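S.K.: Residue-level listing of the chains:
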Amino acid sequence: DAGITQSPRYKITETGRQVTLMCHQTWSHSYMFWYRQDLGHGLRLIYYSAAADITDKGEVPDGYVVSRSKTENFPLTLESATRSQTSVYFCASSVILPSGDTQYFGPGTRLTVL
Amino acid sequence: SQQGEEDPQALSIQEGENATMNCSYKTSINNLQWYRQNSGRGLVHLILIRSNEREKHSGRLRVTLDTSKKSSSLLITASRAADTASYFCATDTQRGAQKLVFGQGTRLTINP
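So the protein sequences, as listed, match chains A and B.
So for the first sequence, our numbering puts the first residue at 11; every next one is plus one.
So for the second sequence, our numbering puts the first residue at 11; every next one is plus one.
Don't take each hint at face value.
No more than 30 Å apart at the CA atoms, straight line, and that leaves these computed lysine-lysine pairs for DSS-like [as the list claims (entries may be wrong)]:
#1 B:K109 <-> A:K67
#2 A:K67 <-> B:K36
#3 B:K36 <-> B:K79
#4 A:K21 <-> B:K109
#5 A:K67 <-> A:K21
#6 A:K80 <-> B:K109
These are computed hints drawn from the structure, not numbers from a lab.
Remember, it's a predicted structure, so these values are computed and weren't measured experimentally.
Okay, chain A solo, but in the shape it has when bound (with noise of 0.2 Å):
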């Protein structure tokens, strides 16, 4: 964990604000991504990046925009917060390997929308 970190760790804003959330690993793994964690719906993927400058949409991209400029860094900006994006938010890294991927998770970030 100590090589992928998320700041804030803890965020409350009000509906319609603009909120950006970080993400930083110090691997250089070429693959990013976000979920979001909601009860009821374990982890779901919002966006991911193969390497900077490409990202794709995940299961749930509506209400989000992410960039990647830099390889290590991957921002998450909720454009408009809304209620339902209440959540428990990670930020994961990976690497190709031939056995398979696998992910290394951040320490999440608590997001409230009042």
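Add chain B to chain A, keeping to what the hints say.
M.R.: Just chain B, lined up with the frame of chain A:
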């Protein structure tokens, strides 16, 4: 939609007993992975089993995979209080895509 479904949703056992969790999935896979999540923390990778493997061991962990039944099980032997956590299976269905689909998890409680 969820690819993997864990069973049971919650499991409570005494320290020293074995814990078995099951995962079922819907589509063909390249590999299946198990992760652990301690309360308030991120997920930690435990073990990966490829679609052409039937059983794999890692310390006190034993994972089986039955592709004909589209199911996997995770056995933790000689459980310890520190094993208290949620356990998730995740399936890799698209070769090279690095995308995993997670189940909803089994919450395991080890009672001292």
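S.K.: Now tell me, hint by hint, if it's right for this structure.
M.R.: Hint by hint, here is what the structure shows:
Between K109 (chain B) and K67 (chain A) the alpha-carbon distance is near 11 Å, which keeps this suggested pair within the 30 Å criterion. Taken as a hint, the K67 (chain A) and K36 (chain B) pair is honoured in the structure, with Cα atoms around 22 Å apart against an allowance of 30 Å. In summary, the hint linking K36 (chain B) to K79 (chain B) is supported, as the alpha carbons are separated by about 9 Å, within the 30 Å threshold. Using a Cα cut-off of 30 Å, the hinted pair K21 (chain A) and K109 (chain B) holds, with the two alpha carbons roughly 27 Å apart.
With a C-alpha separation of about 24 Å, the suggested pairing of K67 (chain A) with K21 (chain A) holds against the 30 Å cut-off. Pair hint K80 (chain A) plus K109 (chain B) holds up; C-alpha atoms about 20 Å apart against a cutoff of 30 Å.
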